[in-house]
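Place chain B on chain A using the hints.
Number of protein chains: 2
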Amino acid sequence: MISLFEEGAMQIDWDEVTHVTKVDPAKPLPTDLEVLSGTDLVLVGGSDDVTEANTLETINLLQAAHPDKLVFQEPYSAAHVSSATVERADAVAVPAVYNGDRDHFVGKHVDLFTEIGEQPAELLGATLPLVGRFVESKGRDVVAELAANLVGEGYVVQHLESAAADRAGVDTTYTPEQVAGAALATETFYGFPIFYVEYSGTYGGPEDVDAAARYLEETKLFYGGGIDSAEKATEILEAGADAIVVGDCFHDDPETFQATIPN
Amino acid sequence: MISLFEEGAMQIDWDEVTHVTKVDPAKPLPTDLEVLSGTDLVLVGGSDDVTEANTLETINLLQAAHPDKLVFQEPYSAAHVSSATVERADAVAVPAVYNGDRDHFVGKHVDLFTEIGEQPAELLGATLPLVGRFVESKGRDVVAELAANLVGEGYVVQHLESAAADRAGVDTTYTPEQVAGAALATETFYGFPIFYVEYSGTYGGPEDVDAAARYLEETKLFYGGGIDSAEKATEILEAGADAIVVGDCFHDDPETFQATIPN
Numbered sequence: 001m002i003s004l005f006e007e008g009a010m011q012i013d014w015d016e017v018t019h020v021t022k023v024d025p026a027k028p029l030p031t032d033l034e035v036l037s038g039t040d041l042v043l044v045g046g047s048d049d050v051t052e053a054n055t056l057e058t059i060n061l062l063q064a065a066h067p068d069k070l071v072f073q074e075p076y077s078a079a080h081v082s083s084a085t086v087e088r089a090d091a092v093a094v095p096a097v098y099n100g101d102r103d104h105f106v107g108k109h110v111d112l113f114t115e116i117g118e119q120p121a122e123l124l125g126a127t128l129p130l131v132g133r134f135v136e137s138k139g140r141d142v143v144a145e146l147a148a149n150l151v152g153e154g155y156v157v158q159h160l161e162s163a164a165a166d167r168a169g170v171d172t173t174y175t176p177e178q179v180a181g182a183a184l185a186t187e188t189f190y191g192f193p194i195f196y197v198e199y200s201g202t203y204g205g206p207e208d209v210d211a212a213a214r215y216l217e218e219t220k221l222f223y224g225g226g227i228d229s230a231e232k233a234t235e236i237l238e239a240g241a242d243a244i245v246v247g248d249c250f251h252d253d254p255e256t257f258q259a260t261i262p263n
Numbered sequence: 001m002i003s004l005f006e007e008g009a010m011q012i013d014w015d016e017v018t019h020v021t022k023v024d025p026a027k028p029l030p031t032d033l034e035v036l037s038g039t040d041l042v043l044v045g046g047s048d049d050v051t052e053a054n055t056l057e058t059i060n061l062l063q064a065a066h067p068d069k070l071v072f073q074e075p076y077s078a079a080h081v082s083s084a085t086v087e088r089a090d091a092v093a094v095p096a097v098y099n100g101d102r103d104h105f106v107g108k109h110v111d112l113f114t115e116i117g118e119q120p121a122e123l124l125g126a127t128l129p130l131v132g133r134f135v136e137s138k139g140r141d142v143v144a145e146l147a148a149n150l151v152g153e154g155y156v157v158q159h160l161e162s163a164a165a166d167r168a169g170v171d172t173t174y175t176p177e178q179v180a181g182a183a184l185a186t187e188t189f190y191g192f193p194i195f196y197v198e199y200s201g202t203y204g205g206p207e208d209v210d211a212a213a214r215y216l217e218e219t220k221l222f223y224g225g226g227i228d229s230a231e232k233a234t235e236i237l238e239a240g241a242d243a244i245v246v247g248d249c250f251h252d253d254p255e256t257f258q259a260t261i262p263n
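Line by line, the protein sequences are chains A and B.
My numbering numbers the first residue of the first sequence as 1 and each following residue consecutively.
My numbering numbers the first residue of the second sequence as 1 and each following residue consecutively.
Accuracy of the hints is not assured; some may be wrong.
To be verified - Once the Cα atoms are required to be at most 25 Å apart in a straight line, the calculated SDA-like pairs of lysine to any residue come out as: (1) B:220 x A:148; (2) A:220 x A:160; (3) B:108 x A:214; (4) B:108 x A:210; (5) A:108 x B:171; (6) B:220 x A:27; (7) B:69 x B:147; (8) A:27 x A:84; (9) B:220 x B:176; (10) A:220 x B:218; (11) B:108 x A:166; (12) A:27 x A:167; (13) B:232 x B:252; (14) A:220 x B:171; (15) B:108 x A:102; (16) A:108 x B:108; (17) A:108 x B:173; (18) B:108 x A:217; (19) B:108 x B:193; (20) A:220 x B:176; (21) B:22 x B:242; (22) B:69 x B:16; (23) A:22 x A:202; (24) B:108 x A:94; (25) B:27 x B:11; (26) B:220 x A:193; (27) B:108 x A:107; (28) A:22 x A:118; (29) B:108 x A:160; (30) B:27 x B:67; (31) B:232 x B:162; (32) B:108 x A:84.
Treat the hints as calculated values from the structure; they're not laboratory data.
Please read all numbers here as calculations on a predicted model, not as lab measurements.
If we strip away everything but chain A, and leave its shape as in the complex, we get:
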């Protein structure tokens, strides 16, 4: 684990991140974690059967195998986050879903930040040597440090028949023009460091990536969904994605997974 606690997550060198692996803590890891050698960032998170405990166990196993690899927690529920996961992960990636319901773009986020503001001690417990008085006297600094470890992700979920769409209240996909609009809003208005086109379980092709890439300069463009070959990986990267996100085949088919890693 690279500690980013002091500097905040913004110190990450995003230019080095072109291949991202999404790991579901509720699924078994491949026997040989060497398959992760070529990936640049691991996102740990999922919905069904995911707990704080299996999230933490997964982060620990990944970091034991790859001490220098970036590992983010991407929690699907606040119940998966604890002072231990915040302490162990390099950052906590928090999705905001443009085409989801109100809760998944702003509602749950205000709840989370309200909780952080009210309970810095409980959330940060283990990371601080002098918890009680330190938090009382330095409450705002501690909160600022924790907040600096959160990475916002502006999501568009484009596959209605996915668990991600169901969970985030997505009942309509965006046209490429709307994807471009959401990308422009991310770059200039909401300011999340990542804009994420998520086809979750199916391959969406390069069209949305091509539309979004026109308006992104500081924001990093991630694409996830159905990438199971070098050809698809290349097609998405050539359309303008900064990084591809590969999930399912990491758990199911390590050979296919390795084919998606750019040389």
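Showing chain B alone in chain A's frame:
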């Protein structure tokens, strides 16, 4: 008008802004616009009977009387915005209402940015010497410049019996802890340059401002609602607001309005 088109709105020296006047284009202006001498920024916008035409006329009258004063358009509808208003105003302030409905935090914004992305020529028409081909070849640069002139405002609307609450679909006010949470979300996650506590028509006291100010460093804290005396202005500024916003009495009672301007 100070032209910010090239540099973008972020060049504004926010430290100089402590008194803001909200001007409703549908209401008559005071006979003597000298009353505005002590204010630092004018926001032009409103709902009932506001049009693009009376918005533009109001901006022109204000700029004729005070050529060096910052004047922002704060549109309540996209129909109030045109290439002429964008060109004349120093910036376009775009509210995102934390405790409003989905449309007023994200829905209308993606629509707006989608429109900007699709029609840079139409939106920017008058500002560019070589519109047609220039936009085609430099489309992205033009869009980036326009987008840089938008200033995001993270709003919390705290008076349910107001037109602002009705319009933005606000049906519940926030506790001071939730106001603090929304402030922290603004500072660290959404990144709007302004966090705005809006009591619209009634005086809310210093409690929300005090709660929000703890978590704001880069974000500027605006408070608006019911300020009709030097005492209330001082109370809000001492609680930690960077600026007070004064509206109604500017139109109705210029003497009271002048009393709200800090010395």
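Evaluated hints:
For a cut-off of 25 Å, the pair hint linking residue 220 (chain B) to residue 148 (chain A) stands: about 18 Å separates their Cα positions. With a C-alpha separation of about 24 Å, the suggested pairing of residue 220 (chain A) with residue 160 (chain A) holds against the 25 Å cut-off. For the given pair, residue 108 (chain B) sits about 21 Å from residue 214 (chain A) by alpha-carbon distance, which is consistent with the 25 Å threshold. Between residue 108 (chain B) and residue 210 (chain A), the direct Cα distance comes to roughly 23 Å. Compliance with the 25 Å bound is thereby established for this hinted pair.
Between residue 108 (chain A) and residue 171 (chain B), the direct Cα distance comes to roughly 17 Å. Compliance with the 25 Å bound is thereby established for this hinted pair. Restraint check for residue 220 (chain B) and residue 27 (chain A): not satisfied, since their Cα atoms lie roughly 45 Å apart, outside the 25 Å limit. Restraint check for residue 69 (chain B) and residue 147 (chain B): the C-alpha separation of about 22 Å stays at or below 25 Å, so the hint holds. Distance check on the hinted pair: residue 27 (chain A) and residue 84 (chain A) sit about 21 Å apart at the alpha-carbon level, within 25 Å; holds.
Taking the CA atoms of residue 220 (chain B) and residue 176 (chain B), the gap is about 18 Å. The hint holds against a cut of 25 Å. This hinted pair checks out: residue 220 (chain A) and residue 218 (chain B) have alpha carbons roughly 23 Å apart, not beyond 25 Å. Distance restraint check for residue 108 (chain B) and residue 166 (chain A): the Cα-Cα separation of roughly 22 Å lies within the 25 Å cut-off, and the hinted pair is therefore satisfied. Distance hint between residue 27 (chain A) and residue 167 (chain A) is fulfilled; the C-alpha atoms sit about 19 Å from each other, no more than 25 Å.
For the proposed pair residue 232 (chain B) and residue 252 (chain B), the alpha carbon gap of about 18 Å is at most 25 Å, so the pair holds. Distance restraint check for residue 220 (chain A) and residue 171 (chain B): the Cα-Cα separation of roughly 36 Å exceeds the 25 Å cut-off, and the hinted pair is therefore not satisfied. Taken as a hint, the residue 108 (chain B) and residue 102 (chain A) pair is honoured in the structure, with Cα atoms around 13 Å apart against an allowance of 25 Å. For the proposed pair residue 108 (chain A) and residue 108 (chain B), the alpha carbon gap of about 20 Å is at most 25 Å, so the pair holds.
A distance of roughly 16 Å separates the Cα atoms of residue 108 (chain A) and residue 173 (chain B); the hinted pair therefore holds under the 25 Å criterion. At most 25 Å may separate the alpha-carbon atoms for a hinted pair to count; residue 108 (chain B) and residue 217 (chain A) meet this at roughly 23 Å. For the given pair, residue 108 (chain B) sits about 19 Å from residue 193 (chain B) by alpha-carbon distance, which is consistent with the 25 Å threshold. Taking the CA atoms of residue 220 (chain A) and residue 176 (chain B), the gap is near 34 Å; set against the 25 Å cutoff, the hint is violated.
Taking the CA atoms of residue 22 (chain B) and residue 242 (chain B), the gap is about 16 Å. The hint holds against a cut of 25 Å. Straight-line distance between C-alpha atoms of residue 69 (chain B) and residue 16 (chain B) comes to about 12 Å, which keeps the hinted pair within the 25 Å bound. Taking the CA atoms of residue 22 (chain A) and residue 202 (chain A), the gap is near 15 Å; set against the 25 Å cutoff, the hint holds. The straight-line distance between the Cα atoms of residue 108 (chain B) and residue 94 (chain A) is roughly 22 Å, inside the 25 Å bound, and the hint therefore holds.
Distance restraint check for residue 27 (chain B) and residue 11 (chain B): the Cα-Cα separation of roughly 31 Å exceeds the 25 Å cut-off, and the hinted pair is therefore not satisfied. A hinted pair counts as satisfied when its Cα atoms are at most 25 Å apart, and residue 220 (chain B) with residue 193 (chain A) qualifies at roughly 21 Å. For the hint pairing residue 108 (chain B) with residue 107 (chain A), the CA-to-CA distance comes to about 17 Å; that is within 25 Å, so the pair holds. Between the alpha carbons of residue 22 (chain A) and residue 118 (chain A) the distance comes to roughly 31 Å, so the proposed pair goes past 25 Å and is violated.
Proximity of residue 108 (chain B) to residue 160 (chain A) is assessed by CA-CA distance (about 22 Å); at most 25 Å being required, the pair is judged to hold. With a C-alpha separation of about 21 Å, the suggested pair residue 27 (chain B) and residue 67 (chain B) falls inside the 25 Å cut-off, and the hint holds. Straight-line distance between C-alpha atoms of residue 232 (chain B) and residue 162 (chain B) comes to about 20 Å, which keeps the hinted pair within the 25 Å bound. Note on residue 108 (chain B) and residue 84 (chain A): the hinted pairing is violated, with a Cα-Cα distance of about 38 Å set against a maximum of 25 Å.
When each numbered hint is compared with the structure, violations occur for hints 6, 14, 20, 25, 28 and 32.
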